[in-house]
Amino acid sequence: MTLLFDLALVAWLIALAGHIAMTREDRNAIVAFIAFGLLLGLAWVRLSALDVALTEVAIGGGVTGVLLLSAEAHLRKPLAQDSAQDRPHDGRRRLGNVGTIAAALASAAVTAGLALAVLALPTPAPTLAPVAAAALDTTGLGNPVTAVLLAYRALDTLLEKVVLLLALVGVWSLAPDRTWGGAPSLAPAVAPEPLVYLARVLPPIGVVIAVYMFWVGADAPGGTFQAGTVLAAMWLIVMLAGLRQPPDTAHRVLRLLLVGGPALFLAVGFLGFFIADGFLSYPEPIAKPLILGIEAALTLSIAATLAMLVAGPAQKAPEP
Amino acid sequence: MTSLATAEGHFTATNGYLLVLAVMLPVCAVLAMLALGPRHTARVALGTLAVGLAVAVTIAVELFRSGTGLVYAIGGWSPPLGLTLRADGLSAVMLVMTAVVITAAGLFARAQHGLDPAMRDGRAPTTFWILLMAIWSALNVVFLGEDLFNLYVALELLTFAAVPLVCLDGRAETVAAALRYLMFALLGSLLYLLGTALLYGRFGTLDLQMLSGMQASGPVVSVALALMIVGLLAKAALFPLHLWLPPAHAGAPAAASAVLSALVIKAPVFLILRLVLDVAPPEAARLAGQCLAILGGASILFCSVMALTQARLKLMIAYSTVAQIGYLFIVFPLAAGTEDLPVWGTIAWTGGALQLVSHALAKASMFLAAGVIAEALGHDRIAELGGFGRVLPMSAAAFGLAGLSLMGIPPSGGFVAKCLLLTAAVVNGHPWLAATILIGGLLAAGYVFRVVDRALATPAAPLHLRKAIPRRLEIVALALAIAAVLLGFVPLQPFGFLQIGRAAHVTVVAP
Numbered sequence: 001m002t003l004l005f006d007l008a009l010v011a012w013l014i015a016l017a018g019h020i021a022m023t024r025e026d027r028n029a030i031v032a033f034i035a036f037g038l039l040l041g042l043a044w045v046r047l048s049a050l051d052v053a054l055t056e057v058a059i060g061g062g063v064t065g066v067l068l069l070s071a072e073a074h075l076r077k078p079l080a081q082d083s084a085q086d087r088p089h090d091g092r093r094r095l096g097n098v099g100t101i102a103a104a105l106a107s108a109a110v111t112a113g114l115a116l117a118v119l120a121l122p123t124p125a126p127t128l129a130p131v132a133a134a135a136l137d138t139t140g141l142g143n144p145v146t147a148v149l150l151a152y153r154a155l156d157t158l159l160e161k162v163v164l165l166l167a168l169v170g171v172w173s174l175a176p177d178r179t180w181g182g183a184p185s186l187a188p189a190v191a192p193e194p195l196v197y198l199a200r201v202l203p204p205i206g207v208v209i210a211v212y213m214f215w216v217g218a219d220a221p222g223g224t225f226q227a228g229t230v231l232a233a234m235w236l237i238v239m240l241a242g243l244r245q246p247p248d249t250a251h252r253v254l255r256l257l258l259v260g261g262p263a264l265f266l267a268v269g270f271l272g273f274f275i276a277d278g279f280l281s282y283p284e285p286i287a288k289p290l291i292l293g294i295e296a297a298l299t300l301s302i303a304a305t306l307a308m309l310v311a312g313p314a315q316k317a318p319e320p
Numbered sequence: 001m002t003s004l005a006t007a008e009g010h011f012t013a014t015n016g017y018l019l020v021l022a023v024m025l026p027v028c029a030v031l032a033m034l035a036l037g038p039r040h041t042a043r044v045a046l047g048t049l050a051v052g053l054a055v056a057v058t059i060a061v062e063l064f065r066s067g068t069g070l071v072y073a074i075g076g077w078s079p080p081l082g083l084t085l086r087a088d089g090l091s092a093v094m095l096v097m098t099a100v101v102i103t104a105a106g107l108f109a110r111a112q113h114g115l116d117p118a119m120r121d122g123r124a125p126t127t128f129w130i131l132l133m134a135i136w137s138a139l140n141v142v143f144l145g146e147d148l149f150n151l152y153v154a155l156e157l158l159t160f161a162a163v164p165l166v167c168l169d170g171r172a173e174t175v176a177a178a179l180r181y182l183m184f185a186l187l188g189s190l191l192y193l194l195g196t197a198l199l200y201g202r203f204g205t206l207d208l209q210m211l212s213g214m215q216a217s218g219p220v221v222s223v224a225l226a227l228m229i230v231g232l233l234a235k236a237a238l239f240p241l242h243l244w245l246p247p248a249h250a251g252a253p254a255a256a257s258a259v260l261s262a263l264v265i266k267a268p269v270f271l272i273l274r275l276v277l278d279v280a281p282p283e284a285a286r287l288a289g290q291c292l293a294i295l296g297g298a299s300i301l302f303c304s305v306m307a308l309t310q311a312r313l314k315l316m317i318a319y320s321t322v323a324q325i326g327y328l329f330i331v332f333p334l335a336a337g338t339e340d341l342p343v344w345g346t347i348a349w350t351g352g353a354l355q356l357v358s359h360a361l362a363k364a365s366m367f368l369a370a371g372v373i374a375e376a377l378g379h380d381r382i383a384e385l386g387g388f389g390r391v392l393p394m395s396a397a398a399f400g401l402a403g404l405s406l407m408g409i410p411p412s413g414g415f416v417a418k419c420l421l422l423t424a425a426v427v428n429g430h431p432w433l434a435a436t437i438l439i440g441g442l443l444a445a446g447y448v449f450r451v452v453d454r455a456l457a458t459p460a461a462p463l464h465l466r467k468a469i470p471r472r473l474e475i476v477a478l479a480l481a482i483a484a485v486l487l488g489f490v491p492l493q494p495f496g497f498l499q500i501g502r503a504a505h506v507t508v509v510a511p
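First to last, the protein sequences are chains A and B. Per this note's numbering, the very first residue in the first sequence carries number 1; after that it's consecutive. Per this note's numbering, the very first residue in the second sequence carries number 1; after that it's consecutive.
Next up, chain B with everything else stripped away, as it sits in the complex (with noise of 0.2 Å):
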């Protein structure tokens, strides 16, 4: 273990208003939007992504500067009665993380937005500014909440700004996906509702720190973390639960889609982590992690098999999120801590992150170059794409960069998180995950390069582009797929970072 972990980990209220930047100013910036008019629209937004990512990338620099946790308690007012935020290690890695994606999305609708003048500050990218800045600060709320119903009211958030994304556009088919995305993410919400209400009803309090210490168990917690449990599935759109996914993320303008797939599906596996290993009970904990892990290894097998025979290419860009979303579940049972070794400072755990991490960039990416083949070309049906790697050369790069991550291929951050996976797999006795792993690699590289290859292939009759297209469009995506290939050079071993704040668990935990 690194000398950060070892320190006596605690957390520090100096410095603790970026955490209400952080929260706040994505809301700043949606009141203005409405109140200033579509015409300031993108002006507002444009200035909140600089500002933001420079709060994302300060708290990141803070935890590491100090190596302990930022907290901040709302109005003053401490739990078990107010609020808190806090950022611990894997919080800021998030928080720099959706800052990152959400910018290169910005900057990809804002040169989309550009290639039809005539509708800048129309109906879709009017909503689409006001909706993503609402998304920011409901993403950030779910990264630094401490207290379950405010990460209710985040994820209803969350909810009520991803819905009308999906059906941007207009179309009747995408209206149907939203209405279909709506009902899983409604019932999702009541779900969590009710599990929060049984557990406030059975402990005096929601705020996760002091349920933590408390050592919860008995049914009244069983019955609750399950009921949370599954609706929170509902909403990460795990198998058998993510019907509702492939044509929402697929009928999504692009930029939309990026974030959504990247980022929103990341919000309920982030408060599910929190669940199963800050609230439950060791054994109940252990019980749900191999049922999870069962689910996600269903999840990768299935959704890389449908990915691999799907014909148009955002529908199977949008199968191999379930599929890559699998990863981040059957890291459960592989990241179980002992006594000696903490569940934060397992390999398991780093790849786990790094898997997030180095999803939500090559996703995103694999989405906007999608994006520029759909806008250049008119359609996205595969069979039909030979040879755009001569006319789009960028986003095939991209493509194929962004490919690497997700069949795990070195040099990328996706190959060091799926070895890190299929180390602890191995070394903790789990041959059934590590052949999934595994089997879910060579699909990926299926699927992948059912692309790859229609990009190099000669095509019969020369591809004509619809419409010219500007470089600053292209290489949005080209960056954030270089991105998901230079996480492939972080050390393969448990990443200090991430267990800042976290140690302080130990001493509340140990007998």
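Isolated chain A, as found in the complex (with noise of 0.2 Å):
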């Protein structure tokens, strides 16, 4: 039964795939490609990989997936002006038609390499997850995967919280110089009715469920990343069906919310020079209340970052 259930996943994904990559229309091909990250979040499941499956849908089927619609709706708009000046020439066509070819060559060797490659494994595999969950006890914590993002690959998650931000600087650098350090703007003119009735539903039952992913991350699948999606998700809801609008970009409030989580993860890790082993070390007695507190502030600092990047750049001047 669950071989059928497998093999019936694996033919949707491929198929899916391929409708992704072949249909013309591109609103198309986004609503395939957020089905193609639920159901790729459904393979991680079967494969046992729970905090992969959600952060698989929480990213890979939502916050990409709006990021793609709204860049698709910003496309559309010129295009609508001007469609008959912008068709592609012959030439052109020609020439993306060996751009095609050329991707699907590589990709059929990158595949091919990776068949190899996978076939050639040695089984079982080899792993760090004994030695990971032997590390355990020094952290306090219950569920590995937090462990290897917070305790033994800290910087690793450090870092990426500072690219995250910086996807931020890039994204807010697109603006105009006079509208730069104002506000994004989401809401549509007239927001559709059962848009609003969401939004004034939808957040409080999100923020329970934000809170819960976060509590029990330290223990079981969840943590801060997929927890600081939900809350994004909750913000964009709102800022989208102009019930709030979005803050400026230099408002002083957004940027401390942005930079306090990396800012608190940094000053742990400096202040184990002084009380622990070192750089982000953590010393035992206190180890899981200090990575609780940073997991909190990374949350909210996550959620702020992930929300003001579909907000986009600034669109209307900064108010003095």
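Don't take each hint at face value.
[To be verified] Reference excerpt, derived from the structure (chain B facing chain A, CB under 8 Å, subset only):
| # | residue |
| --- | --- |
| 1 | Met-24 |
| 2 | Leu-25 |
| 3 | Glu-156 |
| 4 | Pro-164 |
| 5 | Ala-172 |
| 6 | Leu-194 |
| 7 | Gly-204 |
| 8 | Val-223 |
| 9 | Cys-419 |
| 10 | Thr-423 |
Don't read these hints as lab results, they were simulated from the structure. Values in this document were obtained by computation on a predicted structure and should not be read as measured data. From the three backbone atoms N, C-alpha and C, an ideal C-beta is built for every residue, glycine too.
Fit the two chains together into the complex; they arrive one by one in their own frames, and the hints show the way.
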């Protein structure tokens, strides 16, 4: 029965991937891509990687989908005006075909190489899972994934959060000089009634789910990134429905919120020089409270960063 | 060989905190800038430049004094579970080079932003400082990291800091160039990550030291390394994956171009070096080295000719970058070690390292000089630059001196580097590579003299400066060019400092 399910899942994934690559309609492809992200989440569940599954659904299906859809909406606007001029010339289309064939060949080569390599991988696979589980005691955590992210490989996590902030700095830098520091604009002139209703009902539930995900992450699948994504989605839906305006990107509170998580992480990291064994090491008795504190701040920072990433560059001049 | 290489190479953890500072200081600056807002950005950046430069120099001095490398286990977790930072001789040289070029670019940018006080706290300057600090941190992690996934994060940090720099001026063509750069860079990241996952599936560790000790071989290793190296080549812009580089590097503001061309593309080159040298089994390393050398040679010839045909100064300098990167890849077959002589004891190894550093200094100087010219004249069309040497003598001198290094004419770091590589090519019996080095030098002379000739020409109508250029703007480029020339006075022999922390490998690799 499970084999049948797995086979169906794999067939579905491949068919969807083919559809995304083949379809000529952008919005169609994006919707299929979101579905692909959800299905891929299921595949991760089947591989017992629940943390990866949650992240894949939240980021691969959710945030990326929203970003793609809003990009598509932006592209649609100018094209509608002068679609006659923008039609690709024959030469360009031929170049496009060559490009498509080259991309297909390169992808096929990479796939063949991957197949060759994956079939040659040793079984049972060498793994660090037992080592990671054995070292859990010193961190006070129950979820080895959280221990990997916040203790064993804390430097990676810290730097990734900085990458996220930089992506936001990059997006903000695309604003024209006169609006830089101002607010992005998200809501359409008239928000549809069902969206407004949803934006009133959903956030309380979403916030509770996010808090649960963050809290349970210490001992079970879940954690900062997933919780942050849910919070971001709640904030976005409120802004999309026009119930709250997005803040100025130069707003001090927003900036402190963005920086707070990574800054606390870094501060605790440096504190390790004085109260533990060095940079990013936690003293054993208070390891868990420290980690939870960092995670709480990170969750808020991630939520703010992701929401502002989707909101995009500033479109209104900053308030004085 | 010098006494340093024969000494038992090992690593010490005392003062390892210096490595943490090198990596984390710029991150602190990024967070502080975001929190404090535009008015304090430049001040935070300049303070960080001073402290960061001091940290990099202290690390190098520490290595030189003790003759051993530095290592630091983050959080006290040792590999394979945890991450370490390690500095050997080569990484220390990279750290100092990075600090010097970043500081120079920062001082130049500070002076340039001063030309337009109304915009000093505006979008472009503020974003520039944040991205510059992020690039610095990313580069330091690349040079110090020992874990393949940690290095992946560093590459991502580098990409997300470098791409917005390209389109800081906001023109549509630079945004298009940035987008193309992003596509190539993300493709590279993806391939690198695939290879990393495969290596973990095969060995259960991502630590370069442990992988090196495992004497890895087999189909998984070959596929993984092939994917990773191709991905890194896309980021390093080696021919034929260089298409994104010229518009991206030519369209960025001068200080950003200098950092991108001098430093950012060196990070993937450094990682390819580590993969081929430390992870690849000997036969695979030989094969990869030959392929890389062929591409490197093609890069030198093709892109030097392209540089010759460019009408715009910054595009010419950008094509020259791709050509000069080619030299770093012909090092691989030339530096083939033997049982008695490890790779890092060969003259080609020293030559390659010198080429890396002297190109960084010379290219940063050239881009900054070109930035002064564009700022003063309002354009960078080479044909219309006649006589710019009279109005901007210091920038013309900087361009000429930096050109010496690219051509490989004494006295310059480029001369010593190319001389060592040429000697290695002749001694090891690689006549084609020797010919490529010589032809590349001639072509470089062609494109440098084209500009120098314009500088010395008598203009039909006297050139008018669009605005007064303060001396401190010009002096930065000249200082970098002089540093590239001074590199030409290092002795022509394997450089002992580059072998610090490397001798340990000999005992592991030898049968």
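The hints, checked one at a time:
no.: 1; hint: Met-24; in the structure: holds (7 Å)
no.: 2; hint: Leu-25; in the structure: violated (11 Å)
no.: 3; hint: Glu-156; in the structure: holds (5 Å)
no.: 4; hint: Pro-164; in the structure: holds (4 Å)
no.: 5; hint: Ala-172; in the structure: violated (11 Å)
no.: 6; hint: Leu-194; in the structure: holds (7 Å)
no.: 7; hint: Gly-204; in the structure: holds (3 Å)
no.: 8; hint: Val-223; in the structure: holds (4 Å)
no.: 9; hint: Cys-419; in the structure: violated (39 Å)
no.: 10; hint: Thr-423; in the structure: violated (38 Å)
When the structure is compared with the earlier hints, violations turn up for hints 2, 5, 9 and 10 and for no others.
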